[in-house]
Amino acid sequence: MAELAQPRHLDVAAELIEDAPCGIAVTDPDGRLQYINATLSNWLALNARPERPRRRLSELLTLPGRMYYETHMAPMMRLQGYVREISCALEVEGGPPLPVMLSGVARRDAGGSFTRFDYTIFDARERRVYEEELRHAQREADELAAIVRSSPNAILRVDAAGRVRRWNAGATQLFGLDAEAALGRQVDKVIPFEDRPNWFTASVAPGCDGPEILFEAVHGCGRAFEVTLAPIGERGLPGEEDWSVILRDVSRRYAAEQHLRVMVDEMKHRVKNTLGVVSGIARQSLGRDEAAQFVSRLQALSQAHDALTATDGTGAELHDLLDFARREAGGAARLHINGPPVRLGARQATSLSMALHELVTNALKYGALSRAEGHVQVDLDIEDDGRLRLLWREHGGPPVVPPTRRGFGTKMIGLVLKAELGAEVSFDFDPSGFCFQVIFMPG
Amino acid sequence: MRATERNNVTATGASVGTPLVFVHGFGCDQTMWRQVLPAFADRHRLIVYDLTGMGKSDLSAYVPNRYADLGAHAEDLLEILDELQLAEAVLIGHSIGATIALLAANRAPHLVSRLVMVSPTPSFLEDAEQGYAGGFSRADLEGLVGFLDENHLGWSAQMAPTIAGQPAGSEATEELTQSFCRTDPAIARHFGHVTFFADRRADFESAARPSLILHCDDDALVPMPVADWMREKVPGATLRVISATGHCPHMTVPDVVSAETRDYLGSG
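Chains as they are written, first to last, in the UniProt record's numbering: chain A, 1 to 443; chain B, 1 to 268.
If you're looking for bench data, these hints aren't it; they were derived computationally from the structure. Beta carbons: idealized from backbone N, C-alpha and C, even for Gly. You may find that some hints are simply not true.
[Said to hold, decoys possible] Which chain B residues face chain A? A few, computed with CB under 7 Å, are given here:
no. : residue
1   : F26
2   : G27
3   : Y67
4   : G143
5   : A220
6   : L221
7   : G246
[As the list claims (entries may be wrong)] For the chain A half of the interface with chain B, some residues (derived, Cβ under 7 Å), not all of them:
no. : residue
8   : S58
9   : L63
10  : P64
11  : M67
12  : E70
13  : A74
14  : P75
15  : R78
16  : L79
17  : D289
[To be verified] Between beta-carbon pairs, the in silico distance windows are:
no. : chain 1 : residue 1 : chain 2 : residue 2 : range
18  : A       : S113      : B       : A68       : 39 to 47 Å
19  : A       : F122      : B       : P64       : 30 to 38 Å
20  : B       : T10       : A       : G233      : 41 to 49 Å
Taking the hints into account, I'd like the entire structure generated from these sequences.
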């Protein structure tokens, strides 16, 4: 400091203060301005309005800064002796406010009384833009974080090796393990699933396609979860990607489905039992021949029902129905079947099995199957438009005579197949062998 | 939690004598009163505390929905009076703290003898229709709330224990930086909004207890017409205009504030 006292250094010091790359202001302890350097004066464009002198530091600031000065800065200067990096704006004569950062320090005399307050003021235009972006990003992050925090689902971030990196409150709630205990551990050990020992590694193994992986599994504790895995994709390096893992407790839905399955099984039993009871009543109520015919029709219905049962009632394989018909007909030698597998809808299966039963019964009584050397040829073809053509042709039977009255069988075949299948149905009473053709869209 | 813990209540002064309860304003905490307290320590019980959400109060107790109304702070104050079994208390409030004290006195006049209001204002907002010159337009006040938001980033730096130009690490400065004006930025913003948009003129007009109003002649936040309004409309009010700059005379001219208060309390 002694050297500075030389005239040359004093000049330098004075110039430094006047033209410093920051604004400098000095006030008395009440905030009245004592000195403003040239830099600050230029920023404020004070020369533009000499008739409006600014008496106080707070008058250099825009209104919010003035209020902040009164409520925060002035008390702080007195209580802690400084303020640091207050973000505020200067009120520039004839121009837009200039964002600045303001710091101040209180000076005291030997007796401890305040003598003056010194302030430095930095241009913060660029910083303000950056801070605004930062605040925006922070708000956005806060909002997203709130969603994750308050979700009842377990939402985890897991690294490529399966170690837990993030563990939300929902996960703590569902698995009774707080974040501290879970972090860094292997996710498939922390959340073990029955029958899926290494579910994470197995799920994310290369070759798994699609943007997300979805499965359901039962946790060791007995609850069922729907698990969604998706690569977070920030780094873009396959194999080094973190994954988001979301687990939703679907135990209630699982239980409901279980209940439904039991109900469906129960219904199947009841249908079979009811058909059995109806057969019993028919045997007691009808004449022997009629009862036999009626019961055999019920059996065909029951068989169709069995075929449907195998697929949970959603449909049946046509070959299964033809197998039943072949057994009724007396085996593979009597009924030849040729054609691709065809999946039928539930109603199609029921009505077609009844029709096949009638055809077999007729063939056994009057047609090709009434002779030892006769047989039936069934050909299945899928037409260009996707429709199925089923052709029933009898060979080696007695000469065919067109029926004089249509029995239940023919009526059933004609009406039901047309109505239920929307099928084209045709009968051909060719003397060399009875022919029947049905065309419909399967499924 | 007891109110005395929640609000970081500090009791000093004499063990007997009329209790004085000090209520700080927006932006600070109980340390604001430290230069005023010694003047009363020999003859009064002195109670200072931090408003819920400020200073060293329990920040988790600041439920924004509840504290959207200044009445919640008044209830806190009454809880403190109740827990300390204070009667005939004198409530001394600064700025919005004065409003809180007045609301408490109106709710429980039997617990309060008198009020001392330092730089109070019933409302910062202009009301041209009613001819009330509060000093600020709604746009002005909204600007302030945005400003509080902006200073959130600087908040942690404010609290850093390093002090420019001060002897670092000294015990006194350490203590101050740890406590002074410390609050959560979200609470500061909320309380700022509640403070500056509060219009409590009706409560001031129905003051249940006599009061001393200390107004600075050079206050950038409370213009003179507001002081005149209070002299005219507040029942039992004595207005004293003191010559001081700024909004915090208890900090800038503590001796004057103490002397005025002592005169007022001694007057009856």
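Here's how the hints hold up against the structure:
Taking 7 Å as the C-beta cut-off, the interface hint given for B/F26 holds, the closest approach to chain A being about 6 Å. A least Cβ separation of about 4 Å between B/G27 and chain A falls short of the 7 Å threshold, and the interface hint therefore holds. Checking B/Y67 against chain A: minimum C-beta separation of about 18 Å lies over 7 Å; hint violated. Interface hint status for B/G143: upheld, as the beta-carbon distance to the closest one in chain A is roughly 5 Å, under 7 Å.
The restraint placing B/A220 at the interface with chain A holds, with a minimum CB-CB distance near 5 Å, inside the 7 Å limit. The closest approach between the C-beta of B/L221 and any C-beta of chain A is roughly 5 Å, which is under the 7 Å cut-off, so the hint is satisfied. At about 5 Å, the closest approach between the beta carbon of B/G246 and any beta carbon in chain A falls short of 7 Å, and the interface hint on this residue holds. Among the interface hints, the one on A/S58 holds; its C-beta lies about 6 Å from the nearest C-beta in chain B, closer than the 7 Å criterion.
With its C-beta approaching chain B no nearer than about 5 Å, A/L63 sits inside the 7 Å limit, and its interface hint holds. Nearest Cβ of chain B to the Cβ of A/P64: about 3 Å, under the 7 Å cut. The hint holds. Checking A/M67 against chain B: minimum C-beta separation of about 5 Å stays under 7 Å; hint holds. The beta carbon of A/E70 is positioned within 7 Å of a beta carbon in chain B (closest approach about 4 Å), and the interface hint is therefore held.
Hint status for A/A74 relative to chain B: holds, with the closest Cβ pair at about 5 Å, below 7 Å. Given the 7 Å rule on beta carbons, the hint for A/P75 holds: about 5 Å separates it from the nearest Cβ of chain B. Checking A/R78 against chain B by beta carbon gives a least distance of about 5 Å; that is within 7 Å, so the hint holds. With a cut of 7 Å, the hint placing A/L79 at the interface with chain B holds, because the nearest CB-to-CB distance is about 5 Å.
About 86 Å separates the beta-carbon of A/D289 from the nearest beta-carbon of chain B, more than 7 Å, and the hint is not met. Between A/S113 and B/A68 the beta carbon distance is about 41 Å. The supplied range of 39 to 47 Å therefore holds. For A/F122 paired with B/P64, a C-beta distance near 34 Å keeps the hint of 30 to 38 Å intact. The hint said 41 to 49 Å for the Cβ distance between B/T10 and A/G233, and at roughly 55 Å that hint is violated.
Hints 3, 17, 20 from the list above are not met by this structure, while the remaining hints are.
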